[in-house]
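A.B. asks: Sequence:
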Amino acid sequence: MKNKLCFLATFLFFFQGLLYSQDISLCQFIGKNSQEVIKKFGKPLHHDKSNPYMECIYYQTKNSRMAFIADKEGVYQIQVDFMYNSEKEAKNALSNFLTECGKQNMKIDTLNVGDFKIQGPGVRMNLTLFENAYSKKYEIKFKADRSTIK
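So in my numbering, spot 43 of the sequence shown is number 43, and the numbers just go up one at a time.
To be clear, the hints were calculated from the coordinates, so they are not data collected in a lab. It cannot be assumed that every hint is accurate.
What the hints assert, rightly or not - Below, simulated DSS-like cross-link-like pairs (lysine-lysine); rule was C-alpha separation at most 27 Å, straight line:
#1 Lys49 - Lys32
#2 Lys143 - Lys103
#3 Lys62 - Lys141
#4 Lys72 - Lys43
#5 Lys141 - Lys117
#6 Lys62 - Lys137
#7 Lys88 - Lys103
#8 Lys32 - Lys117
#9 Lys72 - Lys62
#10 Lys39 - Lys72
#11 Lys62 - Lys39
#12 Lys143 - Lys91
#13 Lys103 - Lys91
#14 Lys141 - Lys72
#15 Lys49 - Lys39
#16 Lys137 - Lys117
#17 Lys40 - Lys143
The whole structure should be built from the sequences, with the hints applied where relevant.
C.D. replies: Structure representation (structure tokens):
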């Protein structure tokens, strides 16, 4: 489960130009302590620990936003927003990501032209492509959740 999600997250980052120069995958943090996220990415833009049962860690760059959500068992959700300057760039990244999901024998459910639900062992993902009318950029919203389905 973790290996498949790690590969997919790394693949998506490759097409974004990598969030950081390090070749890492985000999913390695599912189930890990939030301090490991901070150790790897550095000081977050915002770290919300107002709820004793949950904490959220936020990072932002010019072309992406990341959130890691953790409970006492570790990170259970990762949300990433990628911003692209053109529709072509965004569609290429989306197409390549879905191709890799297929290669990993994940179930891809197409909800409409830019909205997908993806399931694999231990992970559920949502992937949405849309044009942000305010920023005039194309965005891909990626959300991965820890799942009990094997």
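A.B. asks: All hints, please: hold or fail.
C.D. replies: Against the structure, the hints come out as follows:
Proximity of Lys49 to Lys32 is assessed by CA-CA distance (about 16 Å); at most 27 Å being required, the pair is judged to hold. The straight-line distance between the Cα atoms of Lys143 and Lys103 is roughly 20 Å, inside the 27 Å bound, and the hint therefore holds. A hinted pair counts as satisfied when its Cα atoms are at most 27 Å apart, and Lys62 with Lys141 qualifies at roughly 15 Å. With a CA separation close to 20 Å, the supplied pair Lys72 and Lys43 stays within the 27 Å bound.
The hinted pair formed by Lys141 and Lys117 meets the criterion: a straight-line CA distance of about 12 Å does not exceed 27 Å. Taking the CA atoms of Lys62 and Lys137, the gap is near 12 Å; set against the 27 Å cutoff, the hint holds. For the hint linking Lys88 to Lys103, the alpha-carbon distance of about 22 Å falls within 27 Å, and the restraint holds. Restraint check: the Cα-Cα separation between Lys32 and Lys117 comes to about 24 Å, which is no more than 27 Å; the hinted pair holds.
Between Lys72 and Lys62 the alpha-carbon distance is near 31 Å, which puts this suggested pair outside the 27 Å criterion. The suggested pairing of Lys39 with Lys72 holds, with an alpha-carbon distance near 18 Å, which does not exceed 27 Å. A threshold of 27 Å between alpha carbons decides the hint, and for Lys62 with Lys39 the separation of about 21 Å falls inside it, so the pair holds. The straight-line distance between the Cα atoms of Lys143 and Lys91 is roughly 17 Å, inside the 27 Å bound, and the hint therefore holds.
For the hint pairing Lys103 with Lys91, the CA-to-CA distance comes to about 18 Å; that is within 27 Å, so the pair holds. A distance of roughly 26 Å separates the Cα atoms of Lys141 and Lys72; the hinted pair therefore holds under the 27 Å criterion. Among the hinted pairs, Lys49 with Lys39 is consistent with the structure: their alpha-carbon atoms are about 17 Å apart, no more than 27 Å. Using a Cα cut-off of 27 Å, the hinted pair Lys137 and Lys117 holds, with the two alpha carbons roughly 23 Å apart.
Restraint check for Lys40 and Lys143: the C-alpha separation of about 20 Å stays at or below 27 Å, so the hint holds.
Taken one by one, the earlier hints fail for this structure only at number 9.
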